[in-house]
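Student: Residue-level listing of the chains:
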Amino acid sequence: MKPHRRRKLYFLLFLLLSSGGAIALTLMALTENINLFYSPAEIVSGVAPVNKRIRAGGMVLEDSIFRSESDLEVRFIVTDLQGSEFTIFYTGILPDLFREGQGVVARGALNEDGDFLAEEVLAKHDENYMPPEVMDVIDQAHGDLQK
Amino acid sequence: MKRMVNRKQKTEPGGCALKMGNFFHRLGSPRPFYELSGVVLPVAGVLTLISLVVGSIWALGFAPPDYQQGESVRIMYIHVPSAIVAQSSYMMMGIAGVIFLIWRIKIADIALQCAAPIGASLTFLALVTGAIWGKPTWGAWWVWDARLTSTLVLFFLFIGVIVLRSAKDGSEAVGRATAMLAVVGLVNLPIIKFSVDWWFTLHQPSSFSLTESPSMPAEMWLPLLVMVIGFYLFFFFTWMYRVRTEILKREHRSQWVRSIDDV
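Residue numbers (the numbering used here), protein chains in the order written: chain A, 1 to 147; chain B, 1 to 263.
If you're looking for bench data, these hints aren't it; they were derived computationally from the structure.
Remember, predicted model here, so these are calculated numbers, not experimental data.
Every residue gets a Cβ at the ideal spot worked out from N, C-alpha and C, and that includes glycine.
Treat the hints with care, as some may be off.
Reference excerpt, derived from the structure (chain B facing chain A, CB under 10 Å, subset only) [claimed, not checked]:
1. 98
2. 137
3. 217
Covered, in the sense of this in silico footprint (three residues per stretch, anywhere, with C-beta under 8 Å from a C-beta of chain B), are these stretches of chain A [as the list claims (entries may be wrong)]:
4. 1–10
5. 13–19
6. 36–50
7. 84–97
8. 116–122
9. 130–136
Model the full assembly from the supplied sequences, consistent with the hints where possible.
Tutor: Structure follows, in structure tokens:
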């Protein structure tokens, strides 16, 4: 490679590395804001601020959904499956994918009692795709095992 | 001046290796590229048509629904290929930018310029299909999570390249500035790719990786693969078409372009 081209190559590498470095540092400084939600462990341990609009996420605990008889109020427990869990209160229509064992992200505020009052509940989809028939077969196999 | 350079290359002596290098070198200049691409273009067009038609019918008509998302899973067959090819086209633009800045190869500038509008359209398609899928699945059209935001940044980078390159004075200086922007924007690609692993995002992690088997049955990923190939071919076809047009535009004064007009 000719010297003046080599110089340009080095310049471009320098440009890429320095802009990459600058952006990496910025992103690291902003990590708190880039994470879309606080995990159950962060909610329980008090890392998440109280009475401030935040997002909280986790898995909906099995058999923890209680719906009101008269209106759209719903209460459920969100867990990280590692011992940290908290309760979310929400009034409104839940997304199609909302169900027990499903990941959710809720927007709202944490009160002093450690309960989360949600204004919006989003269902998080995972990376697994399956035809319904396959899921039925898997469910059946589970049922057979439990018998 | 350009014609003189061409003539010099033709008379260069050398062995097989040199001839190979010569081949690529010649491809870097407009005329040989135009001639070769004229042969490749119809083939690419036919392949694009076949794979997109087969892929669409397979994906929209015969692939199974998902156990959770139901029929809306079919949006994936447009969303995923457009997002993949959009990122690849940015990668290509960045590499073209590097080549143009270091070696001053004209065709690299043209390649960069012609890829930008296609990449922007594909990114837009990925954003729109993602929003349409997100509403029923997540419960929101848009969320400011890392994956979605970095993809929006990709869209703005494409727009930036288009706007900069179309600056009134379309000189080489403008081309260099555009190439510089394209190169710096490469930093965004790993951010898009790894955003779902580095941060908590609403967007799910990738269902595919090089090391593990896909978390999706073959009757879903096979049509998806056909669609991805189809989108790549579509990009290649439209890109080459644009490059040829741009070559004619830039070289309209030269002898060989005029002789085409005569035919």
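Student: All the hints need checking, so say for each whether the structure fits it.
Tutor: To see whether the hints hold, each was checked on the structure:
This hint holds: residue 98 (chain B) has a C-beta 6 Å from the nearest C-beta of chain A, less than the 10 Å allowed. Checking residue 137 (chain B) against chain A: minimum C-beta separation of about 6 Å stays under 10 Å; hint holds. For residue 217 (chain B), the shortest C-beta to C-beta distance to chain A is roughly 7 Å, which falls under 10 Å, so the interface hint holds. Judged by the Cβ-Cβ criterion of 8 Å, the region 1–10 of chain A is covered by chain B as claimed, because 3 of its residues qualify and three suffice.
With 3 residues bearing a CB less than 8 Å from a CB of chain B, the region 13–19 of chain A meets the requirement of three and the coverage assertion stands. Closer than 8 Å: that is the beta-carbon criterion, and the region 36–50 of chain A has 3 residues meeting it against chain B, so the requirement of 3 holds. With 4 residues bearing a CB less than 8 Å from a CB of chain B, the region 84–97 of chain A meets the requirement of three and the coverage assertion stands. Restraint check on the region 116–122 of chain A versus chain B: 3 residues with Cβ-Cβ distances below 8 Å, three needed, restraint holds.
With 6 residues bearing a CB less than 8 Å from a CB of chain B, the region 130–136 of chain A meets the requirement of three and the coverage assertion stands.
Comparing the model with each numbered hint stated earlier shows that all of them hold.
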